[in-house]
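**Q** Next come the chains, spelled out residue by residue.
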Amino acid sequence: MPDQWIYWLSELSKDHNDIVGKKCANLGELTQAGFHVPPGFALSVVAYDRFMKETEATERVLKILSHFKADAESVADTEKFDILSKEVRSTVESIALPPDMEKTIREYYAELCRQTGKEDLFVATRSAGPVSHPGQYETYLNVSGADDVVKYVRSVWASTFNTRSIIARARLGLKLEYDPIGVAVLTMVDAKAAGVMFSLNPINGDESKVSMEAGFGFGEAVVSGNVNPDRYLVDKITLEIDERVISDKGSEFAYNPETRKMEYKELPADQKKLPCLEDREIIELARLAKKVEAHFGVPQDIEFAVSGSLPFPESIYLVQARPESAWGKKKKESVLGKKTGFELLFEKATTPIKLKLD
Amino acid sequence: MAAPIQFPFADEIELPPEMEGWEEMYAPQRLFSKDREAWEKRHFWYHDKIHAADPLYPLDDIFQEAWQIALSQYNTRVFCIPPAQGVAQRILGCYMYISAVESPPGDVIQKKAELFGKRVPYTFDNYARQWEEWLVKFHKLGHDMEAIHIPKELYEFVPDEDVIPTPKGFTEANVLMENFNDIVNLIIRAWQYHFQYLNLAYLAYLMFVDTSRKLFPGIKEGTIGKMVAGADVSMFRPEEELCRLSRLAMSHRSVAEVLKQKGTAEEKMNILRTTPEGKAWIEEMDKIKNPWFYVSNGSGWFHYEGSWINTMDLPFSYMQSYVERLEKGETIERKLESISEERERIVAEYKALIRSEDDRKTFEDAHRVVRSIYRYAEDHLFWVEHWLHTIWFERIDQFGKILTKHGVLGEPEDIYLFNRFEVPMLLEDLATAWALGEGVPTRGPFWQAKAEKRKKILEAAAKWNPTPAIGVPPEQIAEPFTLMLWGVTTDLVQEWLKGAGMEVGDLDEITGFPSSAGVAEGPARVLKMLADVAKLEPGEIMVAPTTNPSWAPVFTKIKAAVTDIGGLTSHAAIVSREYGLPSVTGTGVATQVIKTGDIIRVDGSTGKVTIVKRV
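So the protein sequences, as listed, match chains F and E.
Numbered per the numbering used here, the first sequence spans residues 1 to 358.
Numbered per the numbering used here, the second sequence spans residues 1001 to 1615.
In isolation and in its complexed conformation, chain F is listed as follows (with noise of 0.2 Å):
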């Protein structure tokens, strides 16, 4: 393992997935790949390790799983493993970060804030699992300033420890106090529309096909079904919309600078029905998720935003790409059979014709 534990985006590629994570791994391949990707920079398990090493973090865990005793597979026990996980996590929390490891992550963010031009920037500090974790660990968004990076990073790291996470580490068998993940430190987009897209027809695998749903303001909206968002399909080598969804969508997933909390926001009644994404933002996504697929070779799960304060083309951001999991994988086979064009033609000609209705 290498001692390296913090890269930025542009550093990494997929050859770097066991130790940023897939999620940043694949970031980093799609800014080398020269798409339009926030800006960012990942800690690797290693920093995991590392502070989970080097500061008091791992004894006192132990310490507290030393007196801990509770059955993974009993119900009645998961209150046991919520009041551990809270124990757990408070004391993890409480825990300074070794202090280079500090001062290297306030480094990268002022580097952050210089890059982008902008003080106090906001970023959302991410886990990022070399294997796959979907939804197990927080993600904290809107984070602004040198302290809240630090201090949310290791909120991300306490979140290992969160109630499900240790339950389904007690299942398999696996040691409860340790669970190297890494974190990603993304440039948030000020989002005025953000969704999903795959390079393909989701419903029944057509992959000539882009299809893409999106709602207003930030992708967590969509990618959670907590509204029901438009959707689209886009002819990928036409670049065509065959079909466009467009629903009510009731609510969007905003940034209130009051509570400074992401909140759904009823919309105005008059915007629930409006198209959320522009047509030329819906081709360019398609134009996008065809060059995507194409860099890594398979049909992909995108997930986009798009900046409210940026001019088109620029606004367009990809945060994240992965391959398409239900179609993807599935070999294709001969739909037609070996057959030339003369007995495709000779089955047209020969398919009888019903004309009654008796």
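Treat each hint with caution, since some may be false.
Below, computed lysine-lysine pairings styled on BS3-like, alpha-carbon distance capped at 30 Å [said to hold, decoys possible]:
1) F/K14 to F/K103
2) E/K1613 to E/K1535
3) E/K1613 to F/K272
4) F/K290 to E/K1463
5) E/K1559 to E/K1528
6) F/K338 to F/K273
7) E/K1608 to F/K273
8) E/K1361 to F/K291
9) F/K338 to E/K1361
10) E/K1118 to F/K338
11) F/K290 to E/K1335
12) E/K1111 to F/K338
13) E/K1463 to E/K1535
14) E/K1456 to E/K1535
15) E/K1335 to E/K1535
16) E/K1535 to F/K290
17) E/K1152 to E/K1401
18) E/K1361 to F/K339
19) E/K1463 to E/K1450
20) E/K1351 to F/K291
21) E/K1260 to E/K1287
22) F/K332 to E/K1361
23) E/K1450 to F/K338
24) E/K1328 to E/K1535
25) E/K1535 to F/K339
26) F/K291 to E/K1214
27) F/K261 to F/K103
28) E/K1214 to F/K332
29) E/K1559 to F/K273
30) E/K1351 to F/K332
Beyond 10 Å from chain F on every Cβ pair, some chain E residues (computed) [said to hold, decoys possible]:
31) Y1026
32) A1113
33) P1167
34) S1340
35) I1346
36) E1509
Hints in this document: simulated from the structure, not taken from any laboratory.
Using N, Cα and C, we set each Cβ at its ideal position, and we do this for glycine too.
Dock chain E against chain F, hints included.
**A** Same frame as chain F, but now just chain E:
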């Protein structure tokens, strides 16, 4: 299941009293009849708006008669498409209804399959050569028709040279009768040629649609159209020539200035003839007039539509707008190369998405098959419906003139009020009176009274609203022509049924084929009679029964196109895609529901047309 809803049978339909006697105008075999009732009631008939949106003039009906035989025989007796039979016609109240004939018995299908397997692959493999031969033979037929002698009048006495040294043996009156028969034979022969490859071209297209759909379930009809379209087809040549002439005019400023002036084509040509540059330009135009100005102002099916060559104001108005656009620095030509390149790109990219090697090979082969013959679908249209029909109408006008000159008809165009079996009677009446000698009457007053009555019947028919269909709709429609050309699908028939009992004026939204993507909103221009093209203003949305090649320049003016009828590859759909305009085709009722000036929204992706505001 709910009881099947159906349209009325032919004998249940009541016609307005002013139309009494309409049956006389058409040959008996063309009407619904008691003696064929059982067979007729087993079939579903629908109004053919593509070929006969308007009430049919008896002589114009000759093309319909000709296609009934020609289309059908290629399915049933020539290329023997196994379960397919012909498309039958019946005239009811001056409107034409058609029906795909039920399949033949199993043993017949079997026999046809063997012949199909032998004849069709051979035709596809040799199509390139056969197309060259087709063109030669078709041109010869057209030139034969042009060469037919039609006397301007019957001479008082046969001239000396026809008697001495040896009597010629026959007279101009005899020639007149013979030559009408000849020209009828030529047009019917031309229609035999018209269908020589069309059924196969459509079949190949439908095969390719199926193949593409199996691989790409959501592929759009329009995209498949783009994969097979030929760019340099004759159908587009007239418009290309107008572009070329407009550019030529730009290179001689004085010619461009004349083209831009107000006035008729005749006035402009008179001014041009006074200068050397103008003369040179007119000479250049004269060189290409035949065949490229032999393009109908309408579909080519009706004598009253006229064509560019005899309504020169139309091509001149197109050239005027081209010159104005060139002055603004705009490009007026369709980008032919880019259409071909686009086609190749689309095919290559779809092919690259096919992950199974075997499927990729099959797809390639299917594409090769359709490409080998599909161009015919676009090319034959110019040569038959435009070039040859223009010659036909010009020749028939000559017969009308001589009949009028000798008092048999009141006006030359009244000849179209008599069917092709009746015109020989008029000619014989004339020849007989002429032969009998000075002062012998024809039955002119009788024919003229008949003509007047028929005009009134046709006027009444135009006001009458014919039912969209007759009889019990089929569960499924699969006859290639029905789908491809008429765009009559199972769903569409159900839509018609919904509208059958409803005042169409009440509809605010209608549905058709989403045939070219995009959304446009603007004022509608309803072009019901096909000769109204010139009224169109820039930025309007065209609403028409159907469109055809001579309308191509119109597509540079409009925002979107909506048609009543138009199948999977109708002209409006093809051209709209090439010009990037939204279009919805095959709505069934657009020209009835929408009024000129209504603000409508056309969504070419969903096939919906909405009336936003009525006038």
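**Q** For every hint, state whether the structure bears it out.
**A** How the hints compare with the structure:
A threshold of 30 Å between alpha carbons decides the hint, and for F/K14 with F/K103 the separation of about 28 Å falls inside it, so the pair holds. Between E/K1613 and E/K1535 the alpha-carbon distance is near 21 Å, which keeps this suggested pair within the 30 Å criterion. Distance check on the hinted pair: E/K1613 and F/K272 sit about 24 Å apart at the alpha-carbon level, within 30 Å; holds. A C-alpha spacing of about 55 Å is found between F/K290 and E/K1463, which places the hinted pair above 30 Å, so the restraint is violated.
Restraint check for E/K1559 and E/K1528: satisfied, since their Cα atoms lie roughly 18 Å apart, inside the 30 Å limit. Annotation: proposed proximity of F/K338 to F/K273 is violated, straight-line Cα distance about 47 Å (limit 30 Å). Among the hinted pairs, E/K1608 with F/K273 is consistent with the structure: their alpha-carbon atoms are about 19 Å apart, no more than 30 Å. Only pairs whose Cα atoms come within 30 Å are accepted, and E/K1361 paired with F/K291 is accepted, the gap being roughly 25 Å.
Restraint check: the Cα-Cα separation between F/K338 and E/K1361 comes to about 8 Å, which is no more than 30 Å; the hinted pair holds. Between E/K1118 and F/K338 the CA atoms are separated by roughly 21 Å; this keeps the pair inside 30 Å, and the hint holds. Note on F/K290 and E/K1335: the hinted pairing holds, with a Cα-Cα distance of about 26 Å set against a maximum of 30 Å. Between E/K1111 and F/K338, the direct Cα distance comes to roughly 26 Å. Compliance with the 30 Å bound is thereby established for this hinted pair.
Pair hint E/K1463 plus E/K1535 holds up; C-alpha atoms about 22 Å apart against a cutoff of 30 Å. Taken as a hint, the E/K1456 and E/K1535 pair is honoured in the structure, with Cα atoms around 27 Å apart against an allowance of 30 Å. Proposed proximity of E/K1335 and E/K1535 is supported: the alpha carbons are some 27 Å apart, at most 30 Å. Restraint check: the Cα-Cα separation between E/K1535 and F/K290 comes to about 45 Å, which exceeds 30 Å; the hinted pair is violated.
Pair hint E/K1152 plus E/K1401 holds up; C-alpha atoms about 7 Å apart against a cutoff of 30 Å. As the CA atoms of E/K1361 and F/K339 are separated by approximately 9 Å, the hinted pair is consistent with the 30 Å bound. A C-alpha spacing of about 20 Å is found between E/K1463 and E/K1450, which places the hinted pair at or below 30 Å, so the restraint holds. Of the supplied pair hints, the one linking E/K1351 and F/K291 holds, its CA atoms being roughly 17 Å apart against a limit of 30 Å.
Using a Cα cut-off of 30 Å, the hinted pair E/K1260 and E/K1287 holds, with the two alpha carbons roughly 22 Å apart. Taking the CA atoms of F/K332 and E/K1361, the gap is near 14 Å; set against the 30 Å cutoff, the hint holds. Restraint check: the Cα-Cα separation between E/K1450 and F/K338 comes to about 64 Å, which exceeds 30 Å; the hinted pair is violated. Of the pairs offered as hints, the one joining E/K1328 and E/K1535 holds, with about 23 Å between alpha carbons and a cut-off of 30 Å not exceeded.
As the CA atoms of E/K1535 and F/K339 are separated by approximately 52 Å, the hinted pair breaks the 30 Å bound. Under the criterion of a C-alpha separation no larger than 30 Å, the hint pairing F/K291 with E/K1214 is consistent with the structure, at around 25 Å. Taking the CA atoms of F/K261 and F/K103, the gap is near 27 Å; set against the 30 Å cutoff, the hint holds. Distance restraint check for E/K1214 and F/K332: the Cα-Cα separation of roughly 13 Å lies within the 30 Å cut-off, and the hinted pair is therefore satisfied.
A distance of roughly 26 Å separates the Cα atoms of E/K1559 and F/K273; the hinted pair therefore holds under the 30 Å criterion. In summary, the hint linking E/K1351 to F/K332 is supported, as the alpha carbons are separated by about 14 Å, within the 30 Å threshold. With a cut of 10 Å on Cβ distances, E/Y1026 stays outside the contact zone with chain F, its closest approach being about 25 Å. With a cut of 10 Å on Cβ distances, E/A1113 falls inside the contact zone with chain F, its closest approach being about 6 Å.
At roughly 58 Å from the closest C-beta of chain F, the C-beta of E/P1167 stays outside 10 Å, upholding its exclusion from the interface. Every C-beta of chain F lies more than 10 Å from that of E/S1340, the closest at about 16 Å, which supports listing it as non-interface. Annotated as non-interface, E/I1346 brings its C-beta within 10 Å of a C-beta of chain F; the closest such distance is 5 Å. For E/E1509, the condition that its CB be more than 10 Å from all CB atoms of chain F holds, with the nearest at approximately 16 Å.
Going down the numbered hints, you'll see the structure goes against 4, 6, 16, 23, 25, 32, 35, while the others check out.
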